[in-house]
Amino acid sequence: GESVGLHLPTLSVQEGDNSIINCAYSNSASDYFIWYKQESGKGPQFIIDIRSNMDKRQGQRVTVLLNKTVKHLSLQIAATQPGDSAVYFCAENKGTGRRALTFGSGTRLQVQP
Amino acid sequence: EAEVAQSPRYKITEKSQAVAFWCDPISGHATLYWYRQILGQGPELLVQFQDESVVDDSQLPKDRFSAERLKGVDSTLKIQPAELGDSAMYLCASSSGPGEQFFGPGTRLTVL
Numbered sequence: 001g002e003s004v005g006l007h008l009p010t011l012s013v014q015e016g017d018n019s020i021i022n023c024a025y026s027n028s029a030s031d032y033f034i035w036y037k038q039e040s041g042k043g044p045q046f047i048i049d050i051r052s053n054m055d056k057r058q059g060q061r062v063t064v065l066l067n068k069t070v071k072h073l074s075l076q077i078a079a080t081q082p083g084d085s086a087v088y089f090c091a092e093n094k095g096t097g098r099r100a101l102t103f104g105s106g107t108r109l110q111v112q113p
Numbered sequence: 001e002a003e004v005a006q007s008p009r010y011k012i013t014e015k016s017q018a019v020a021f022w023c024d025p026i027s028g029h030a031t032l033y034w035y036r037q038i039l040g041q042g043p044e045l046l047v048q049f050q051d052e053s054v055v056d057d058s059q060l061p062k063d064r065f066s067a068e069r070l071k072g073v074d075s076t077l078k079i080q081p082a083e084l085g086d087s088a089m090y091l092c093a094s095s096s097g098p099g100e101q102f103f104g105p106g107t108r109l110t111v112l
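Chains A and B supply the protein sequences, listed in that same order.
Number 113 marks the last residue of the first sequence (my numbering); no jumps.
Number 112 marks the last residue of the second sequence (my numbering); no jumps.
What you were told as hints is all true, and nothing was included just to trick you.
Listed next, the in silico BS3-like pairs over lysine-lysine satisfying Cα-Cα at most 30 Å (straight line): (1) B/62 - A/42; (2) A/42 - B/78; (3) B/78 - B/11; (4) A/68 - A/56; (5) A/42 - A/56; (6) B/15 - A/42; (7) A/71 - A/56; (8) A/42 - B/71; (9) B/11 - A/42.
Just the calculated beta-carbon pair ranges, DEER-fashion: (10) B/71 - A/42: 25 to 31 Å; (11) B/61 - A/82: 37 to 43 Å; (12) A/78 - B/14: 44 to 50 Å; (13) B/3 - A/58: 24 to 30 Å; (14) A/28 - B/12: 40 to 46 Å; (15) A/56 - B/16: 50 to 56 Å; (16) A/40 - B/14: 22 to 28 Å; (17) A/108 - B/27: 32 to 38 Å; (18) A/58 - B/16: 50 to 56 Å; (19) A/82 - B/16: 41 to 47 Å; (20) B/7 - A/12: 31 to 37 Å; (21) A/9 - B/28: 33 to 39 Å; (22) A/110 - B/44: 22 to 28 Å; (23) B/27 - A/29: 29 to 35 Å.
Interface residues of chain B toward chain A, partial, derived using beta-carbon atoms under 10 Å: (24) 35; (25) 43; (26) 47; (27) 103; (28) 104.
Since the hints were made in silico from the structure, they are not lab data.
All C-beta atoms, glycine included, are put in the ideal place defined by N, C-alpha and C.
With the rest of the complex left out, here is chain A (with noise of 0.2 Å):
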């Protein structure tokens, strides 16, 4: 069936480096998605979200792009602080209010002091 899912299961970066997070989405009608954090024991928080009708969205230290050629989703941070150590899911809906999230299988981030 359709997913998302990741390319890395896990990432070590070098404090004060960018990261680079990937996420292949195979579900062409979903025109909403969401990159949560997840640190160990506690549930999922919310960093960026993205909608379809957009391939740039910047935050503070991050920023997510989306490629709907290739169904491509990446999250960038930079700056990396040991703080950012954690998992990383991207999620996908269709933005209908009625489709809960779709998660890929998450990337470990590991920053290196």
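Go by the hints and put chain B onto chain A.
Same frame as chain A, but now just chain B:
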């Protein structure tokens, strides 16, 4: 800042016993979701409520799982009887409409 509340945070039970989890969404959020997250995987939807009505329970194992949101505010998820494979994190989320969902801290269930 308003948050989704869940209890208990941890639950250990023996197989064949009944368990119940409680969720209080952010005030005013009409949509409430229950997700199950197996260790190392992303959350998967169990049931979605719009006010007090179920709008999607296609992934809920109805032979043992039940969920209710009687007054359209807080919600209870029950498992009876619990099985070993039910060990997971049970997450509640709420939203005020299409888009961002706010998650609670989850209930970690261990079935022995």
